[in-house]
Amino acid sequence: MRLLEVTASGRCSLTRDMDHRKVPPYAILSHTWIHGQEVEYEDIAGSHRRALSRTAERQAQHRAPAKAAGWRKVDFCLAQIRRDGLRHCWIDSCCIDKASPDEKHGAFAAMFLWYQRAHVCYVYMHDVVTIDDLVGSRWWTRGWTLQELLAPSRVVFFAGDGTKLGDKESLQHVIYAITRISRDALTGTLPLSQFTIEEKLSWMRGRQTTFEEDWAYCLQGIIGFEMSRRYGEGRRRAIERLKLEAARRELERRTEEAARKAAELRKAKLRETIEEKLQGKTRTAPVVSSPGEALRKQLEAERRRRIALEMELAERRAKEREEAKKGPALQSKRRKRLHGYTDSPPEPDNVVAVEPAGRPGPSGASDLVQNLPAQPQLPDFDFDFTSSGPPEPFNYGPSLSPPIPGGYDQVDEPETSESRPAAIDTGSIVIDESFVEVTLDDLLAVTPRSAIPNPTHTQASQ
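Going by numbering that gives the first Met the number 0, the sequence shown runs without a break in its numbering and finishes at 461.
By construction, these hints were calculated from the structure, which means they are not laboratory data. Fair warning: there could be bad hints in the mix.
What the hints assert, rightly or not - Heads up, simulated SDA-like pairs for lysine to any residue below, C-alpha to C-alpha not over 25 Å straight-line: (1) K260 x S227; (2) K97 x R228; (3) K66 x H34; (4) K242 x T140; (5) K103 x R116; (6) K97 x A68; (7) K276 x G291; (8) K199 x I177; (9) K199 x L185; (10) K167 x L191; (11) K242 x S227.
All chains, please: the whole structure from these sequences, using the hints.
Following this line, the structure appears as structure tokens:
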């Protein structure tokens with residue numbers, strides 16, 4: 000930071016570039032630029048002079064009459080700091096070397112801080128003559144003057160002839176009527192960080208800047224961060240970047256604050272636990288959570304339940320889609336599984352010989368009787384359990400006809416007592432072979448598979 004210094008003899012010179020943390024008390028000037036009439040860094044720090052006396056200043060005015068208005072600002076500022084007992088002041092037009100991009104960029108980034116640390120800020124309104132002209136001054140319409148109004152703790156307004164108009168505290172009602180800026184922000188009752196980004200943007204209404212992007216850039220100090228300048232991107236894009244950066248920093252601030260509070264709470268609980276253990280106390284009362292915490296837990300449980308249901312439904316639908324893709328092959332497998340057979344060939348021990356329906360011979364009936372289980376669970380057939388002799392005729396009723404004995408191949412053969420074979424005496428069961436007609440399903444229903452002999456072995460034994 001470079002300052003203008005006034006000696007006791009009235010000489011004025013530029014100081015060396017100082018660390019802003021070690022600068023002496025200084026006043027700072029706020030003004031609106033007059034095109035082509037501002038006193039610049041080269042006018043004061045030229046190679047032909049490093050110091051200016053009052054006479055030299057007057058001579059410079061005569062040599063550069065176009066900058067007479069600019070020299071009046073410098074003269075006013077130098078005279079005012081001497082009246083206030085100060086020796087240093089800062090004026091942006093002549094204290095920044097604009098030929099150095101690095102210095103210019105650094106000054107723009109630190110300007111809010113420089114105005115904030117100033118002992119006093121002089122607002123020089125060259126277009127104001129009396130207090131009645133205060134409202135119509137061009138100073139209220141410029142973008143960069145907003146931070147020059149809010150940053151300093153003490154702001155004093157002066158007319159073009161150096162007449163004092165008042166300070167920020169005494170004129171706060173007039174300033175509020177002109178700018179609509181909160182009185183808490185004007186007086187510093189609340190820090191600027193307590194105001195939202197939308198409120199700060201509203202303070203820029205009606206203000207103009209030389210470059211349209213500066214409309215957003217001049218708010219960096221008020222919002223509290225530095226943003227890269229991209230001249231040419233336009234005002235709207237610059238404002239969008241400003242909002243995004245402000246939102247990101249606000250989120251970081253809240254996250255850090257929440258983490259800090261959580262750490263403090265953990266420390267307090269740990270301290271309380273240690274004190275209870277030292278005193279021999281144990282906490283038996285249940286911890287009661289706040290209504291907000293209970294509601295949050297309920298919502299979290301409901302959310303997890305819904306997620307589980309949705310996942311289960313999604314898995315079920317995926318399984319159905321896979322089964323639909325398999326199609327007939329899966330249905331065939333299901334039928335085979337239900338009916339008890341597979342595509343693999345049967346084992347030899349499980350093969351059952353099936354003979355054509357008809358009258359079984361004596362050997363077939365004998366094999367059937369021999370292979371019945373010890374306690375057969377016979378189906379509801381109408382057998383005649385007599386000791387011997389021919390079975391009694393069965394009454395089929397008027398609507399039923401008796402089955403044809405012997406099968407369909409003997410329909411025309413009359414049946415006599417000689418042609419009917421005698422009943423086989425098995426000791427406890429008498430079976431009339433002429434009416435015995437057993438299918439494979441009946442046999443499987445009453446006989447385990449393991450009890451059925453291999454037909455090959457049976458024929459070999461016969």
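Exercise. Between K66 and H34, does the CA-CA distance stay at or below 25 Å?
Worked result: Between K66 and H34 the Cα gap is close to 10 Å, so the pair holds against 25 Å.
Exercise. Hey, K276 versus G291, does the alpha-carbon distance stay inside 25 Å?
Worked result: violated (30 Å)
Exercise. Given the proposed pairing of K242 with S227, does the C-alpha separation stay at or below 25 Å?
Worked result: holds (13 Å)
Problem set entry | Pair hint outcome, K167 versus L191 [Cα-Cα no greater than 25 Å] | holds (16 Å)
Exercise. Are K242 and T140 close enough, with their CA atoms no more than 25 Å apart?
Worked result: holds (22 Å)
Exercise. Do the alpha carbons of K103 and R116 lie within 25 Å of each other, as the hint requires?
Worked result: Between K103 and R116 the Cα gap is close to 19 Å, so the pair holds against 25 Å.
Exercise. Taken at face value, is the distance from the CA of R228 to the CA of K97 at most 25 Å?
Worked result: holds (16 Å)
Exercise. Is the Cα-Cα distance between K260 and S227 25 Å or less?
Worked result: The hint is violated at about 33 Å.
Problem set entry | Satisfaction of hint between I177 and K199, Cα-Cα up to 25 Å | Answer holds: K199 to I177 is near 15 Å, not above 25 Å.
Exercise. Taking only the CA atoms, is the gap from K199 to L185 under or equal to 25 Å?
Worked result: Satisfied, since the Cα-Cα distance of roughly 12 Å is no more than 25 Å.
Exercise. K97 and A68: Cα distance at most 25 Å?
Worked result: holds (20 Å)
Against the hints set out earlier in the document, violations occur for numbers 1, 7.
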